[in-house]
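**Q** If you read the sequences in order, they're chains A and B. First residue of the first sequence? That's 1 in my numbering, and the numbers climb one at a time after it. First residue of the second sequence? That's 1001 in my numbering, and the numbers climb one at a time after it.
It should be emphasised that the hints constitute simulated quantities derived from the structure, not laboratory data. Please note that the accuracy of each hint is not assured.
Stated by the list, open to error - Simulated DEER-style distance windows between Cβ atoms:
#	chain 1	residue 1	chain 2	residue 2	range
1	B	1020	A	17	42 to 48 Å
2	B	1075	A	17	41 to 47 Å
3	A	10	B	1063	32 to 38 Å
4	B	1061	A	28	24 to 30 Å
5	A	115	B	1017	39 to 45 Å
6	A	53	B	1018	45 to 51 Å
All C-beta atoms, glycine included, are put in the ideal place defined by N, C-alpha and C.
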Amino acid sequence: GDSVTQMEGPVTLSEEAFLTINCTYTATGYPSLFWYVQYPGEGLQLLLKATKADDKGSNKGFEATYRKETTSFHLEKGSVQVSDSAVYFCALVPDLSNFGNEKLTFGTGTRLTIIP
Amino acid sequence: AAGVIQSPRHLIKEKRETATLKCYPIPRHDTVYWYQQGPGQDPQFLISFYEKMQSDKGSIPDRFSAQQFSDYHSELNMSSLELGDSALYFCASSYFQVFANYGYTFGSGTRLTVV
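For reference, chain A alone in the conformation it holds in the complex (with noise of 0.2 Å):
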């Protein structure tokens, strides 16, 4: 079945440090790649997505690239913040064109700590 392979976390770092968390998918057909970032004591919240291979999904500084070679959608932002402190979840949706079939199938999360 789908499923969604997520850097372990949890991974600290400074201010302005570069960030990558690693994220891997395997799925038939040509899903849709979200992240998703949660706050503590909140919901979820739509970080960035991208719909087809190739395709960059952006926001907030951060990105990440669909990239269906490899399976993957590495997260990455190039100077964090202390408000970046949060859980970051990789998800996927199954092919599209398969309806019926949007549940999200979510990585196991990665707790992201930024110290000042």
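Model the placement of chain B on the given structure of chain A, informed by the hints.
**A** Structure of chain B alone, referenced to chain A:
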């Protein structure tokens, strides 16, 4: 902008009791999804509805049931509660025809504690 509204935000129940969680999707969204997130876990898909019909089912216990009503709000009913049901329950909504562009919007969740 209107978001997905979940109620209650927090709920404490005793073992073997019943709980009802409510979800009000974004206006015009026709699809609702329920997820369960245990402590330190990733969210697990429970069930989804499209146009008031169940569209998919995940790892939802038989003790749980859900439905989507004519106004598109959804309720998750949980009976014979167990300690292991303590979790954050998320509802998400989407508009199927533009899902590819906009994806889901999640509510803030209901934190259920079973004691």
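**Q** Does each hint hold? Answer for all of them.
**A** Hint check:
1. Taken as a hint, the range 42 to 48 Å holds for the pair residue 1020/B and residue 17/A, whose Cβ atoms sit roughly 45 Å apart.
2. Between residue 1075/B and residue 17/A the beta carbons are some 45 Å apart, a value that agrees with the proposed interval 41 to 47 Å.
3. Roughly 34 Å separates the CB atoms of residue 10/A and residue 1063/B, a value that falls within the hinted 32 to 38 Å.
4. Hint check: residue 1061/B to residue 28/A, Cβ distance near 28 Å, so the stated range 24 to 30 Å holds.
5. At about 43 Å, the beta-carbon gap between residue 115/A and residue 1017/B stays in the expected band of 39 to 45 Å.
6. Residue 53/A and residue 1018/B have their C-beta atoms about 47 Å apart, which keeps the hinted 45 to 51 Å range intact.
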